[in-house]
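Taking UniProt numbering as reference, the numbering of the sequence shown is continuous, increasing by one, and the terminal residue is 159.
Just so you know, the hints here were simulated from the structure itself, not pulled from any lab data.
Simulated restraints on C-beta separations:
no.	residue 1	residue 2	range
1	Q95	G125	19 to 25 Å
2	K37	A104	46 to 52 Å
3	E77	K37	38 to 44 Å
Calculated pairs, SDA-like style, for lysine to any residue (alpha carbon to alpha carbon, straight line, at most 25 Å):
no.	residue 1	residue 2
4	K107	H150
5	K37	A59
6	K37	V63
We treat Cβ as the ideally placed atom computed from N, Cα and C, and that holds for glycine.
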Amino acid sequence: MADEADDVLSRIGFDPATSVLTRRQTTVLALRERGLKQRTIAECLDTSRANVAGIESSARENVARARETVAFVDALEAPVRVPVAAETDLYDVPQQIYDACDEAGVKVNYTAPELLNAIGERAGGAVRGREIREPLLVSVTREGEVRVRHDGTTREQEL
Numbered sequence: 001m002a003d004e005a006d007d008v009l010s011r012i013g014f015d016p017a018t019s020v021l022t023r024r025q026t027t028v029l030a031l032r033e034r035g036l037k038q039r040t041i042a043e044c045l046d047t048s049r050a051n052v053a054g055i056e057s058s059a060r061e062n063v064a065r066a067r068e069t070v071a072f073v074d075a076l077e078a079p080v081r082v083p084v085a086a087e088t089d090l091y092d093v094p095q096q097i098y099d100a101c102d103e104a105g106v107k108v109n110y111t112a113p114e115l116l117n118a119i120g121e122r123a124g125g126a127v128r129g130r131e132i133r134e135p136l137l138v139s140v141t142r143e144g145e146v147r148v149r150h151d152g153t154t155r156e157q158e159l
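The task is simple: from the sequences and hints, build the whole structure.
Next up, the structure:
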């Protein structure tokens with residue numbers, strides 16, 4: 001089983017020198033993604049199930065932090081950033097985005113209905129019906145890709 005994980009890691013190009021994950025974390029994640037239970041992984045790695053659970057939890061937290069770092073840099077580098085206040089009508093957001101993009105000379109790759117649907121989906125619980133309940137940050141890249149960050153933090157999603 002560990003050989004199977006090593007094979008997966010090798011095929012996808014895992015490099016411990018550049019990864020935010022340890023080899024042990026990547027091994028546990030690779031085996032979990034193959035459908036193995038923590039108990040089976042623990043036996044394979046000659047450790048406890050609780051240790052495997054801790055390794056997996058730490059790995060997933062590290063991945064979330066790495067994603068947030070990338071999301072932060074993407075938002076920082078985006079030429080268009082539109083903060084959307086709580087209590088804003090979702091139907092007002094596409095025009096805010098289009099206006100900001102026009103001002104910056106950036107073309108948006110989405111129609112208003114596509115923006116409404118995607119923002120509503122990507123913002124999670126921050127949008128209920130037409131009401132934006134928590135602040136959002138909508139950014140647009142030079143290529144016109146729109147990204148949504150929930151509350152300016154962790155849930156950055158590309159539309």
